[in-house]
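Peer 1: For the protein sequence lines, the chains are H and C, in the order given. If you're matching positions, the first sequence starts at 933 in the numbering used here and goes up one per residue. If you're matching positions, the second sequence starts at 52 in the numbering used here and goes up one per residue.
It should be emphasised that the hints constitute simulated quantities derived from the structure, not laboratory data. As the structure is a computational prediction, the values presented were derived from the model and not from experiment. Careful, some of the hints might be misleading.
Unchecked claim - In silico DSS-like cross-links for lysine-lysine, where the CA-CA straight-line distance does not exceed 25 angstroms:
{"id": "1", "chain 1": "C", "residue 1": "Lys-520", "chain 2": "H", "residue 2": "Lys-1004"}
{"id": "2", "chain 1": "H", "residue 1": "Lys-1449", "chain 2": "C", "residue 2": "Lys-240"}
{"id": "3", "chain 1": "H", "residue 1": "Lys-1043", "chain 2": "C", "residue 2": "Lys-245"}
{"id": "4", "chain 1": "H", "residue 1": "Lys-1485", "chain 2": "C", "residue 2": "Lys-524"}
{"id": "5", "chain 1": "H", "residue 1": "Lys-1064", "chain 2": "C", "residue 2": "Lys-307"}
{"id": "6", "chain 1": "H", "residue 1": "Lys-1449", "chain 2": "C", "residue 2": "Lys-520"}
{"id": "7", "chain 1": "H", "residue 1": "Lys-1485", "chain 2": "C", "residue 2": "Lys-425"}
{"id": "8", "chain 1": "H", "residue 1": "Lys-1415", "chain 2": "C", "residue 2": "Lys-245"}
{"id": "9", "chain 1": "H", "residue 1": "Lys-1417", "chain 2": "C", "residue 2": "Lys-307"}
{"id": "10", "chain 1": "C", "residue 1": "Lys-240", "chain 2": "H", "residue 2": "Lys-1064"}
{"id": "11", "chain 1": "C", "residue 1": "Lys-520", "chain 2": "H", "residue 2": "Lys-1043"}
{"id": "12", "chain 1": "C", "residue 1": "Lys-307", "chain 2": "H", "residue 2": "Lys-1169"}
{"id": "13", "chain 1": "C", "residue 1": "Lys-520", "chain 2": "H", "residue 2": "Lys-1000"}
{"id": "14", "chain 1": "H", "residue 1": "Lys-1449", "chain 2": "C", "residue 2": "Lys-103"}
To be verified - In silico contact screen, one side only, chain C against chain H (beta carbon under 7 angstroms); selected entries:
{"id": "15", "residue": "Lys-94"}
{"id": "16", "residue": "Ala-106"}
{"id": "17", "residue": "Ile-147"}
{"id": "18", "residue": "Asn-151"}
{"id": "19", "residue": "Trp-208"}
{"id": "20", "residue": "Asn-209"}
{"id": "21", "residue": "Ala-233"}
{"id": "22", "residue": "Gly-402"}
{"id": "23", "residue": "Val-404"}
{"id": "24", "residue": "Asn-416"}
{"id": "25", "residue": "Leu-420"}
{"id": "26", "residue": "Asp-512"}
{"id": "27", "residue": "Ile-525"}
{"id": "28", "residue": "Pro-528"}
Glycine included, each C-beta is placed from N, C-alpha and C at the ideal position.
Spelled out from the first residue to the last, the chains are:
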Amino acid sequence: MALTREFYRALEDVVGGRNISEDPAVTENYRCITAQSSAHYGPEDTRTPKPQAVVLPGSTDEVQQIVKLCNKYKVEFKAASTFWAAMGFIGSDNAIQLDMIRMDSIEVDAKNMLAIVEPFAVGGTVQVEAMKNGLTCNIAGVGCSSSTLAGSSGWVGFGPSSIFTGIASENLLGAEWVLPDGEIIRTGTLGSDGEWFCGEGPGPSPRAIFRGWTGTAGTMGVCTKIAIRLHPWPGPKWIPVRGTAPLYMADGLDNVRAYTICFPSWDAYAEGFRLLYEADVCYLAHRQFNMFGRDIKTALVEIFTHPEKQFCDIPALVEDPYLKEQNADMKIDVQIVLAGFSERDLDYKEKAFDAILEQIGAHKSEYYLQQDIEDFTKLYLLRLARKNYNYTLCSSYEGNFGLSANVFVAAPLMEEAAALKKKWEQTHTGVAAVGGDSDMGSVSGIGGGGTTGWEFFVHFDGFDRDSIYDSKAHIDETAAWMKEKGLGADFGRWNTEVRHPDGYNYTQEEHDAMYSKIAQPGLATYQWKIREAFNPNHLTGSYYKTATPPECKGKK
Amino acid sequence: MATKDSLKTILGNANVIDNPDVLASYAVSHSFDKNFKPWYVVKPKDAETVEKLVAFANETKTPLVPVSSTGVKLRGDSVPGVPEAVVVDLSGMDKILNVNRQQRMVVIEPGVTYDRLSAELAKQNMVIAGSLKPKKGQSVLTDIVEAVPRLNPMIQWNFFDPLRCAEVTWGDGTRMSTGEAAGGPLDLKTQWGKQQWQVQYMGPWMTDYFRLVTQAQGSMGIVTWASLKTAVKPLIHQLYVAEADDLADLEGFVYKAMWTRFPDEIFILNNMQLASLMGKTQAEIESLKEVLPPWIVAASAAGRELIPEVRFEARSKDLIDIAQASGLDLKEGLSNLSGRALYQEATSTDGDVYWKDLYAGSHQNVFFLTQLDKTGVFLRAVREIAEDFGYPTEDIGVYIQPKHQGSSYHMEFTFPYDPDSAKQTARVQDLTESVSVAVADLGGYYSRPYGKWAGIQLNKDAQSLMALKRLQKIFDPNDVMNPGKLAI
């Protein structure tokens, strides 16, 4: 559905001719494979619809004018910054895409430990600015090349350091938001005094409707600027790095230690988490390298830490007796970073950490105690800068399972989940054979610990149709298994739950069928009412889950 | 409008009260705002009854005012702001529904008080982060839902920690849970059977439902249970104290201590607030005020179940070092103040008379959020206004509490006065109104906008007001929940 010339010219007047395009060579690039959970890349026939135009606003004022025009002309819109996955893309042929790349400022208030960021300020850059001031930020699992604002305002947002730095929602302070109807709201202290330090209230918090747990994925308008809490960083003003690509290692972080814990059992693993939560020793806690799979994770780390090694070495490395032994030792593992804010603090944390290991019969992996590998691990985890490694094994991956946030529920099921995946690895060539268990994720899905954030990585060839469909079928079976176990929705369905497999929005009737019979229907019916109140023209797609309240059915 | 027979049908005869003396007791508060005597006081015993009551209120357009605490009402938010209201007294819903040591979670009903909860948690070596010396009948749930600051801000990754999930009957009569709990059935026992312990408070989807009942003064719905995150009880604990002549002298230490996250509790008091906390009579407070230093900062070190001595020693020595580097002498006590005694007073509940009323008989508070480096501006302004009103500035109590791991600071001014003196009462009323306006003009943020602060705050922010109006129309379309508050 082509845009009217009148509408296009109006948009052009707002942003200038250089910042708008309807050239198919441009707009085609703003389509995304309709991945199920996060992102997979490769030639697939189900891409999100092509936007009718791509617009690059340069200010909040411009965003507001664009949104008002969209309302006037009844054209859908969605804003995205770093375009990690399908949730940032439109779901209709009558839609434009806002690319927030021009808005990238960062201001740090070191004393009050906060940063004010625009949409295209990415995690890595925000962290660099923060570290200059003895601070750091939560970098969500999406990695440091993604937008801090998008992660904080628009999507889930926990990451390796969340046990210490909290998750996105917990760090969101004041926010400036262009509502779907074009009005601007500034939350908390920002609305009344222009200060950014509190995003709550006055009274009940209007921010309740923007963030939630999953985030609104661009369906509640356009977030144009936020303040986030920064967190203490006891290291140097920048992280000195040594090594040659891809073996970059953190250098001289004497008061920062990285360990890999080897647990004797899944029960010990769950109990270990409980103790780590209570002892407040962790600066970072993440199951990272198991994402490559239980049988090959050390092979991959060997390749990353030895520039002369290549992927073609994997078969030989997998058969290496020492590495096999290490893989077995690290069958149930987690990476931990300790950081000392004083010598005494580091001493306490080391002793407390050792006491926990002793109590549960766990030990530190000797493999990861090698200096180069420890320093590699530190840099990898503190920056979360190697998101591209997720794709290196097979070109694509999806996350599935999700299991339960309660580690005492999830841990006893890990082997069963791993066996289910291994069955697919053995019977379907499209799912990479990595040893079944490829569970990874954050030890803490909430600040201070208490919930976890797991996913199994399903590696597949994104350039092979059979592989793509094998992975999808596997995730379907995973979802059925989770339902059977009473574990709730599968992490791997996050996109398929909210848009059609062909990339288009669900209709209201489809949403009603999906969400009106849930255990507590108010969840969806109140969101319907909120959408009606703040997004009366329904211009932002179907990621916002709604069900028509019974009393409103049939009414316009 | 409500009739007694209808209410009796819903609540039972014994739970509908219209005794004039009892009704009058629900209309008394420290607030200067206009209060109304309720028509009835009702005492539901369970959430199902609350749900029926709210449905009835919608049918009859009856205002409902939820109350969970007993004893003196300090802010006026739980006293009817309109005539013909029904007070919903939830203090009898006082069950501790679940204590889970593994998850460090507790689920409580609105009527549970600090003393009861602390005793129950102590059995499993847990504690709840408390507020500064709450009144004896203070509902823990209300204290936390209303975001009264915690003495230990380090446990607050989220602004509203330790609040996690809640069950709410919204103003339109719909009962639902918030956060993780909304993903399952309303029945908690079924959730516990699946090892779901109401830990994760967000969402559970796109909307943070719990944020709509926090700081709401009962204007959005009635909370019938809440899950709270607890902490492991310290085995070794010491509250240290450092004194200063000026508030500004404490700034460097507090910023650095917050940066390290070494302390558990950390807060600032001036001599008047400290004397009020420690003294048991007007005379004691008067004499203590004279000998205590103008300002103190209190910061604690703790050791818990895991190598407690090592943690305690590390935290203690580091805090002392940080203080020294900031020009302060952090000690176990001053010549006339023991840190342990201060901790005992700060964390215990009140006696028969509210502690801020001991000095003169009553008091008024003005509190708001700011940042630490701006507190001096407010201090100067408030003292100047007090001088203009002829109020003795040495009687002004000041309490500063970091919140949300130090991202914001609660600043509270307390003005004691003799309620039997019409002159003093009128002066304090005029003074606090002037202070309230001045604070707002200087950028003080009434995140919890009680009484006149609602109008002052929302008049500064038309878009938030607009958003709140829209939300209230969704969740309380007939305006039955505590109307007259919040200025929406």
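Peer 1: Next step is simple, just say for each hint if it's right about the structure.
Peer 2: Quick rundown of the hints versus the structure:
Among the hinted pairs, Lys-520 (chain C) with Lys-1004 (chain H) is consistent with the structure: their alpha-carbon atoms are about 24 angstroms apart, no more than 25 angstroms. Our distance criterion of 25 angstroms between C-alpha atoms is met by Lys-1449 (chain H) and Lys-240 (chain C), whose separation comes to about 21 angstroms. Using a Cα cut-off of 25 angstroms, the hinted pair Lys-1043 (chain H) and Lys-245 (chain C) is violated, with the two alpha carbons roughly 44 angstroms apart. For the suggested pair Lys-1485 (chain H) and Lys-524 (chain C), the alpha carbons sit about 18 angstroms apart, so the restraint of at most 25 angstroms is met.
Under the criterion of a C-alpha separation no larger than 25 angstroms, the hint pairing Lys-1064 (chain H) with Lys-307 (chain C) is consistent with the structure, at around 16 angstroms. Proximity of Lys-1449 (chain H) to Lys-520 (chain C) is assessed by CA-CA distance (about 29 angstroms); at most 25 angstroms being required, the pair is judged violated. Under the criterion of a C-alpha separation no larger than 25 angstroms, the hint pairing Lys-1485 (chain H) with Lys-425 (chain C) is inconsistent with the structure, at around 52 angstroms. Distance restraint check for Lys-1415 (chain H) and Lys-245 (chain C): the Cα-Cα separation of roughly 13 angstroms lies within the 25 angstroms cut-off, and the hinted pair is therefore satisfied.
Between the alpha carbons of Lys-1417 (chain H) and Lys-307 (chain C) the distance comes to roughly 48 angstroms, so the proposed pair goes past 25 angstroms and is violated. A distance of roughly 50 angstroms separates the Cα atoms of Lys-240 (chain C) and Lys-1064 (chain H); the hinted pair therefore is violated under the 25 angstroms criterion. Distance check on the hinted pair: Lys-520 (chain C) and Lys-1043 (chain H) sit about 36 angstroms apart at the alpha-carbon level, beyond 25 angstroms; violated. At roughly 17 angstroms between alpha-carbon atoms, Lys-307 (chain C) and Lys-1169 (chain H) fall within 25 angstroms of each other, so this suggested pair holds.
In summary, the hint linking Lys-520 (chain C) to Lys-1000 (chain H) is supported, as the alpha carbons are separated by about 21 angstroms, within the 25 angstroms threshold. Between Lys-1449 (chain H) and Lys-103 (chain C), the direct Cα distance comes to roughly 22 angstroms. Compliance with the 25 angstroms bound is thereby established for this hinted pair. This hint is violated: Lys-94 (chain C) has a C-beta 26 angstroms from the nearest C-beta of chain H, more than the 7 angstroms allowed. For the restraint placing Ala-106 (chain C) at the interface with chain H, the shortest Cβ-Cβ distance is roughly 14 angstroms, beyond the 7 angstroms limit, so the hint is violated.
The beta carbon of Ile-147 (chain C) is not positioned within 7 angstroms of any beta carbon in chain H (closest approach about 20 angstroms), and the interface hint is therefore violated. A hinted interface residue such as Asn-151 (chain C) counts as satisfied when its beta carbon comes closer than 7 angstroms to some beta carbon of chain H; here the least separation is about 11 angstroms, so the hint is violated. Below 7 angstroms, beta-carbon pairs count as interface contacts, and Trp-208 (chain C) has one with chain H at about 3 angstroms; its hint therefore holds. With a least beta-carbon distance of about 5 angstroms to chain H, the hint placing Asn-209 (chain C) at the interface is held under the 7 angstroms criterion.
Because the smallest distance between the Cβ of Ala-233 (chain C) and any Cβ of chain H comes to about 5 angstroms, under 7 angstroms, the interface hint for this residue holds. A hinted interface residue such as Gly-402 (chain C) counts as satisfied when its beta carbon comes closer than 7 angstroms to some beta carbon of chain H; here the least separation is about 32 angstroms, so the hint is violated. At its closest, the beta carbon of Val-404 (chain C) sits 30 angstroms from a beta carbon of chain H; the interface hint therefore is violated under the 7 angstroms criterion. Proximity of Asn-416 (chain C) to chain H is violated relative to the hint, the smallest CB-CB distance being about 17 angstroms (cut-off 7 angstroms).
With its C-beta approaching chain H no nearer than about 6 angstroms, Leu-420 (chain C) sits inside the 7 angstroms limit, and its interface hint holds. A hinted interface residue such as Asp-512 (chain C) counts as satisfied when its beta carbon comes closer than 7 angstroms to some beta carbon of chain H; here the least separation is about 4 angstroms, so the hint holds. Because the beta carbon of Ile-525 (chain C) sits about 5 angstroms from the nearest beta carbon in chain H, less than 7 angstroms, this interface hint is met. Interface hint at Pro-528 (chain C): violated, since its Cβ lies 9 angstroms from the closest Cβ of chain H, which is beyond the 7 angstroms cut-off.
Of the numbered hints given earlier, the model fails hints 3, 6, 7, 9, 10, 11, 15, 16, 17, 18, 22, 23, 24 and 28; all others are met.
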